[in-house]
Every structure is written in C-alpha cells, then in structure tokens.
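**Q** Chains as they are written, first to last, in my numbering: chain F, 1 to 139; chain A, 140 to 528.
Everything labelled a hint here was simulated from the structure, so no lab data went into it. Just so you know, even glycine gets a beta-carbon here, dropped at the ideal spot from N, CA and C. Do not take every clue at face value.
[Unchecked claim] Now the stretches of chain F that chain A is said to cover, found in silico as 3 or more residues with beta-carbon under 8 Å:
| id | region |
| --- | --- |
| 1 | 23–32 |
| 2 | 36–48 |
[Said to hold, decoys possible] Partner residues aside, some chain A positions facing chain F, computed with beta carbon under 8 Å:
| id | residue |
| --- | --- |
| 3 | Ile-249 |
| 4 | Ile-265 |
| 5 | Phe-274 |
| 6 | Phe-365 |
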Amino acid sequence: MRMLLASGGSFIEGMADGTVALLVLITGLVVVFLMLIALTLIIKIYGTIVYNVTNRKKEAPKSEPVSAPAPLPQKAVVTAPAPAVEDGIPGEVVAAIAAAVYCVEGVSFSAVKSIRRAKAGGSRSAWGMAGVLDNTRPF
Amino acid sequence: MEIWNGFVQALQGIWESSGLLKNDPRNYAMIVIALILLYLAIKKEFEPLLLLPIAFGMLLVNLYPDIMAAPTDEANGGLFYYLYQGVKLGIYPPLIFLGIGAMTDFGPLIANPKSFLLGAAAQLGIFVTFIGAMFIGDLGIEGLSFTAKEAGSIGIIGGADGPTAIFVTTKLAPHLLGPIAVAAYSYMALVPIIQPPIMRALTTKKERMVVMEQLRPVSKVEKILFPIIVTIIIALVLPDAAPLVGMLMLGNLMRESGVVSRISNTAQNELMNIITIFLGVTVGATATGEVFLSWQTIGIVIMGLLAFGFGTAGGVLFGKLMYKVSGGKVNPLIGSAGVSAVPMAARVAQKVGQRENPSNFLLMHAMGPNVAGVIGSAVAAGVLLAILQ
Numbered sequence: 001m002r003m004l005l006a007s008g009g010s011f012i013e014g015m016a017d018g019t020v021a022l023l024v025l026i027t028g029l030v031v032v033f034l035m036l037i038a039l040t041l042i043i044k045i046y047g048t049i050v051y052n053v054t055n056r057k058k059e060a061p062k063s064e065p066v067s068a069p070a071p072l073p074q075k076a077v078v079t080a081p082a083p084a085v086e087d088g089i090p091g092e093v094v095a096a097i098a099a100a101v102y103c104v105e106g107v108s109f110s111a112v113k114s115i116r117r118a119k120a121g122g123s124r125s126a127w128g129m130a131g132v133l134d135n136t137r138p139f
Numbered sequence: 140m141e142i143w144n145g146f147v148q149a150l151q152g153i154w155e156s157s158g159l160l161k162n163d164p165r166n167y168a169m170i171v172i173a174l175i176l177l178y179l180a181i182k183k184e185f186e187p188l189l190l191l192p193i194a195f196g197m198l199l200v201n202l203y204p205d206i207m208a209a210p211t212d213e214a215n216g217g218l219f220y221y222l223y224q225g226v227k228l229g230i231y232p233p234l235i236f237l238g239i240g241a242m243t244d245f246g247p248l249i250a251n252p253k254s255f256l257l258g259a260a261a262q263l264g265i266f267v268t269f270i271g272a273m274f275i276g277d278l279g280i281e282g283l284s285f286t287a288k289e290a291g292s293i294g295i296i297g298g299a300d301g302p303t304a305i306f307v308t309t310k311l312a313p314h315l316l317g318p319i320a321v322a323a324y325s326y327m328a329l330v331p332i333i334q335p336p337i338m339r340a341l342t343t344k345k346e347r348m349v350v351m352e353q354l355r356p357v358s359k360v361e362k363i364l365f366p367i368i369v370t371i372i373i374a375l376v377l378p379d380a381a382p383l384v385g386m387l388m389l390g391n392l393m394r395e396s397g398v399v400s401r402i403s404n405t406a407q408n409e410l411m412n413i414i415t416i417f418l419g420v421t422v423g424a425t426a427t428g429e430v431f432l433s434w435q436t437i438g439i440v441i442m443g444l445l446a447f448g449f450g451t452a453g454g455v456l457f458g459k460l461m462y463k464v465s466g467g468k469v470n471p472l473i474g475s476a477g478v479s480a481v482p483m484a485a486r487v488a489q490k491v492g493q494r495e496n497p498s499n500f501l502l503m504h505a506m507g508p509n510v511a512g513v514i515g516s517a518v519a520a521g522v523l524l525a526i527l528q
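Bound-form chain A, shown alone (with noise of 0.2 Å):
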C-alpha cells in the first residue's frame, strides 16, 4: 500500500510540474508559432541557418519557460538563462560581426567609393520607421504604443541586419528582443519578395537596362588599409558604434592580411557558427506567449515591412539621383542593396537587372553598396544609441 502511495504522488508531483497543467494558453499559440517558421526553414529555406535555432528556442521556451528562468538561492537558473547572456550584454552580436568581416571581400567597395552614398541612403528605412513607431500610439489602439528607446529598436529592423538589431535592442529595449528579431530575420529572408515591386515601380526601364563600367582591380595594400582606416575613423568619431564596426573589420582584416589565415577560418567556420546557435535559440527563447502575443508585436511586424520598403526606396532613389548626375552610368538598382541582407539585397539587384537585360551583370557592383549599408546601419545604430540610451 505503501508503495502504491508514493507512486501515486510521484505521478501527481509529475503532472503538476509539467507543462500539460502549468502552461498558459498563449504558450501553445507559440507553439503554433514556432511549428510554422520550423516549416519555413525547413521546407521554404527562409534564412534557415537562423530560422531554424530561433524557431526551435521559441518552441522550447513555450514548452518548458523554466529554461530561460533566473537563477534564485536556491536553485541554478535555465540553460538558456545563461546562453542568454551573450545577447543581454551585447557579446554575440560583434562576434557574429568578426565573422561577416572574415567573410568579406570590400573590394567592390573600395573600387567605386561612391558605393557608400548608397549604402548611407538606403538606412531611411530606419529613421522614417522610428517617426511612424512615435506616433502609432496615436491610432488610439490600446496597447499599441512605443516609447522613444522601443521606436529606435524597432526602427533599426530597416537596417536589415541582424546582429545590428540585436545589438540595439539589448541596450534599448531588450523586452522587444523575441519580435523584433523575429521580425527582421524573417524580412531578410523575404527580401526577394520586398524589393522587386519597390525597385520597379521606382525605376524606368531605360534605367534598369544600363550596363555600368567594370570596376577597377584592388591591390592587396588597398584592402588591407580599408579595415584600419574605416576603425579609427568610425571609433573615433562615433564610440557607440564601435563594437559592431571594429569586430567587422577586425574579421576583415584578418582576411585580407593573409597572415593568420587559421583565425580567419575559424571566425568565419566555427566561431561563427557556434555563436549563430546560440544567438538563434536564445533570442528565439524570448518569444514567450506573454511577450510575443500583443498588440506591440502586431505593430512590429507592419513597422519593420515599412522599414525595409522605405530603405530600398531610399537607396533606389539615390541611385537614381546618381544615375542623374553620372550622366547615365549608374544603375539605380543597384542602391537597393544598400539595406545591407548581404548578400541577398545585391543577388535581388543582379536578378532584376538581367530581367531586363540578359548579359547585364550588376552583381558586383551592388555589392558595393551592400557591405556599405552594413557599415551604414552600424553607424546608425551608433547615432540611435548616443542619442535615446
């Protein structure tokens, strides 16, 4: 009788620490959630490299919340509680950058320098973002309403790079970091579908159809002075954006040096695809049912479309100011890429480009543009941060 007692309670003490009793009905809509963008990475390839671990974190969190739980006196806190720290103090981030830097090749950039006009052009996206996320409040929805430090996180989704709007909305706002992450991840992966219709509805086809001059070869010296001058430049100037900027060129220089080729495989391998795990799942483990199903989230979701619609508008119309003044020579297409998702905004610009004409290759000219508006979003992360934090 004994034994049967204590089976008894051992089932009882199971079942009422499980899920099955403890978990709030939005979990499940998460669950859900989760289950649709495992799908996307799976079956659609939606950036499934981070889909996929962010995804998983969510499904997770939403399955058993105590893995993202604080430690307390008595007990030690949730795995992803401490994976967690890496995104909470801002360490992730870079290091996802030292491997983007090792990865690379500036040379389109450093070719054609104008390529940086782009790349400044087309982060519109985030400060137009930051206005309409000021006002929506005024819609009079309730719940949906953001402060001056949310509206800057969600604005810097239009940077359409990752790490940066992480990176931000740790220090801005990290009670956002599960949507806007989300968000602008899953609008990276849509870039394909996001800018065509912007490109063309801005751009004459006379305009799309120009063949622009092949670009000149870099020498080594030029490549290897880049990453050194664009740091002390930019850390000096703007503090803020240091951490994001030195890392990326800090990768870079390690590739272009040549000299330490181990490192700069293993930033661009294995480090980068230890801290892409990590990042993934503990950023996914923020999208608990309580957080991720509001009003807020809704408004995140349409705000960061805005924000990358308005980023290729603002590159594509530069560039057409520069097709102007060029005389004809540039493409305006090109300045599309300037939202940065390298390099899927340059294939979006080469693909468009030859639809118009076959043996028209823009690619590596919209590249120039592309690691310009990395360096671009970073440097207006760094203004959002000196100004709201």
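So here's chain F without its partners, still in its complex pose (with noise of 0.2 Å):
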C-alpha cells in the first residue's frame, strides 16, 4: 500500500476528474472504514480482556473472608436491630446503603429501619441519574 501511495501525486496527474474523484471516494471510505473497524475489534478485544482479569482478581479475594468470618461483625449484627428488607435485596446492598447513610448523618444516624425501592420514576434510577449528572456536569 505504501508503495501505491507513495508514488500518488504522479500517477493521479494523467488521470481525468472523474476518476480521481471515484478513486478518493472509494480509497478514502474503505481505509477509513477498514482503519476503525481493525481498531473496534482490537478495543473490544483487549477491553473484554482487561476487564477479565480485573474482575477475577476483584473476586479472588472475596471467598477468604466468608471462609473464615471475624468475630467483631457478628457482635454487631446481634446488637443491632435488622432492618426490614423487601424481597431481593441482597445483604451486601443492604451494608452498602447503611454505610452510605453513616457517611451523610455521621454520629447521629442509630439505624437503619427498613429498606425498599423506590418506584421507578422514570427509565434511569435515581443513583444513576445522579452518576450521570456527575459525568455530565462539566458539559
């Protein structure tokens, strides 16, 4: 390829317009199409990889814990009252919004009562409303 173009200027001058005009349009599309499309495949690729090995080092950790379960955290399960969880909420979600309720009251949030979802308002939750203005905002 780089032979054809590198002698370009020279072989396009004896040709008439139209099909200099055919030429660009037709080489310009299929490079640029054929460029992005090797470059699609190679980020899918490479992506779907990394995001593998993220994930599976973000898991391997994980089991360890369950294994072996620290005293400290049972103490507190009994001390505290359970709140009242609907239906398919899973416990990690229910640490996840107790410890993120903490972190907005501080010292004068007790305990969480109960937890339910909201009525979808409209086709985004609030949480990812929220994410997207947060990533949006400086536009």
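Make one complex out of these two single chains by using the hints.
**A** In structure tokens:
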C-alpha cells in the first residue's frame, strides 16, 4: 500500500477528474472504515481481556473472609436491630446503603429501619441519574 | 525654513507609507468582514477562543499588509511572517492535538468501541465534498474551479476539525488557508444550527426517543493501553496521519498515565493557549482582500456547508443502520456526533434527544462517536495526503 501511495502524486496527474474523484471517494471510505473497524475489534478484544482479568482479581479476595468470619461483625449484627428489607435485595446492598447513610448522617445515625425499592420514576434509577449528572456536569 | 521643509517631508513620508494611501480597496472590505467576525466572537460567542484571534489577525493584516511580509536582503520579515512558520511547516496543528489529547476522555469510546464506526461514517462529508469541489468548475463561473489538491483541502472541512483542516491545507493548498480555516471554524461554531434539522429529517420520533444502556466502567489499564495501541496501528498503516494522531495520543497518554500530571496540565492549558493565539492570528492574517474576496472563497463557503451537512447525514444514517441491526438499542442521533467538533456535536445530540425524551441522557454515548470522529478525520486526512500530495 505504501508503494502505491508513495507514487500517488504522479499517478493521479494523468487521470481524468472523474476517475480521481471516484478513486479518492472509494479509497477514502474503504481505508477509513477498515482502519476504524480494525481499531473497534482490537479495542473490543483487549477491553474484554482487561475487564475479565480485573474482575477475576476482584473476586479472588472475596472468598477468603467468607470462609473465616471475624467475630466482631457478628457482635454488631446481634446488637443492631435487623432492618425490614424488601425481597430480592442482597445483604451487600443493605450494608452499602447503611454505610452510605452513616457517611451522610454521621454520629446522629442510629440504625436503618427498612429498605425498599423506590418506584421507577423514569428510565433511570436515582443513583444512575446522580452518576450521569456528575459525569455530564463539565459539559 | 529648513526645519519647515524637513517637517513637510517627514509628514509626506508618513502619508506615503500609511495604509490610507497604500491599501487596496478590497482590504477595506476585509476590515468590515473582520469586524463582523469580531462581533460574532465577542457578542455571540461563536468559538471565541479561535474566532477572536483569527478576526484580529485578519483586521491587522488588512490594515498593515507588511506584517506578513517575507524577509528581504535589506529588512527582516513582518512579525506574523515568523509566527506563521508554525502553520506553514505543520507544527501548530499537531501541538493543538497534543492539548486536545490531554483534555479528552476516550472512556466512552473504549466502553463502546462500535462508536468507531459512527466516527468513520461521518467522514462521508469529506469525500462527497471532494467530488463536489472537483466538479464545481463545470458550472462555468469564471474563477470558480478547483484542482484535486484544492478540492482535498475543501473536503477536509467536513471533518469538522480545525487543526486537521489547517494541517491538510498547508500541505495541499496553502494559498487557500485563510478561507478554509475561517469556513471550518465558522461552521464548527454553527453546529448547533446546522445539525438539528438534518438529524430530525433523517430520524423518526421513535428512533430519537431510544434510551441507551449505561456504559460499562472502563479500567485505568484500558485507558492507558488505548493511546499506545491506536498510535501503533495508525502510524504503521497510514504514516501521513501519524503527526496528528501521534500527538493526540501522546497527550492522552500523559493524561491517563497519571504520572506526568505537570506536563499534562501544561499541554492542555498553557501550551494549548499559546499555540491557539499564534495559530489564530496567523491563520487570520492569511485572509487578505486579494485572496479572500473571490469566487473561490464563495465556493469554499458553500462547499464547507455541504461537507458539514453530508458528514452529519452519514453519521445519522449509519446510526439508523446500527439501530436496526441492534434491535433498537442504538439511538441514531449519536451518529451526528461522529463529525468531531468536540464536544459541541455531542452536546447537540444530547439536546435533540432530550427534547423528545427529557429523561434521556445521550451525552456520554455521543462522546464515543465524537472522539472517534477526531481519529476518523485524522485518518481521512492521512488518506487525502497520501493520494493527493
């Protein structure tokens, strides 16, 4: 390809305008598409690899605390009243919500009494909307 | 008496060297155009960061043409002559790309690599306009015809990327730099006016209301690898695009690596601002009355508008194709952002989408094709240079 392009200036000079126009149109679109399709595939492949590797690393240390539960959290569970949690909300989510409320409320926070799903107001959850707004604010 | 004669002679010398006597009438027409552009930049805020220095450079060169004069054996050249070397030698556009790279987050593109295809489709305007410019001479208007190299420089306006347009024009048709740069930046400022009617005409209400799935989070490793991989591939296959893409990706690597925040900040702030000043005033200074006021400029202005229109249409139509293929998961409006003009074109996609569905956030989805368009137009520039140079 480089050889063809290197002599580009000279081989175009003898051509009719119509031929040059078609040549540039076809070559341009084909090269731009091929190049960006190649990038699409490569980014997709390495993205998948990196994503999987990262996720595997994150999952690995998770299994350790489960096998050997620490006595301290057990104590905490016993002393705090269990919140009324709607069906289908896993324990991790309850813990995350309790931690988030504690972060906001500080020392005045005593306990989470209940957790239930809010009715979907739009196409996106309140947390998703907050994330989107946070990301798009600079624009 | 001798003092009086000397005084008169001195005044005569000043009068003869003044612009009032030396300037061509066309320069005064250009001064009016420069004042209008200054008004648009200051009052209407049309791309003011570039339009203001461009308009002032245009004003200054038409008041005092020698500011662009080349050096002679007896005298040095004008101030802008030396600053212009950065444009002429193709130095400023890649440096601007360095700053753009340091400012750009390619995360949305990495999260949804299919956006690359929209960035490619939106380059349609470049090549369609190239054909139009090649055949505009057939209209038979005297002075309105373009060579293949000039047509290539006009077509690249459709890339909606100022530095790319300047880079290509300095190599293919440097004498058209003024009108092409002014057309490119003016249309980029007018993207919110040019694009929405085309976007609405080519899509249905149902398509415009599509809410896209949230993008997956992108890890730091992916973001660091991205500029390295893109540089290797594009510079190897299409070396003519290497100065633009290479600097874009260097800036991005500086940003994403996180280890050179000082130079990353310099690239996206001080360096970018300094180059913008030099680029703006010297590009404006190429727009002298003699060059600018011609049928060719009118042709360039019309062809530039067509280039933007076709680019937008190409992106939206490919978006429609992706909408069909994906079973309605892609909002075709994000295709319009593939013309570059970062982040203006993405904001336009967001606004048009939100008008149909107020809870729809297309901005981050549109940023993918938007930054892909920057890479796409640099690749298209490389193709034009490889064939026409």
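**Q** Against this structure, judge whether each hint is valid.
**A** Comparing the hints with the structure gives:
Evaluation of the coverage hint for the region 23–32 of chain F: fulfilled, as 8 residues show C-beta separations to chain A shorter than 8 Å, against a requirement of three. Beta-carbon proximity to chain A at under 8 Å applies to 11 residues in the region 36–48 of chain F; the threshold of 3 is reached and the given coverage holds. The closest approach between the C-beta of A:Ile-249 and any C-beta of chain F is roughly 6 Å, which is under the 8 Å cut-off, so the hint is satisfied. With its C-beta approaching chain F no nearer than about 7 Å, A:Ile-265 sits inside the 8 Å limit, and its interface hint holds.
Because the smallest distance between the Cβ of A:Phe-274 and any Cβ of chain F comes to about 7 Å, under 8 Å, the interface hint for this residue holds. With a cut of 8 Å, the hint placing A:Phe-365 at the interface with chain F holds, because the nearest CB-to-CB distance is about 7 Å.
In summary, this structure violates none of the numbered hints.
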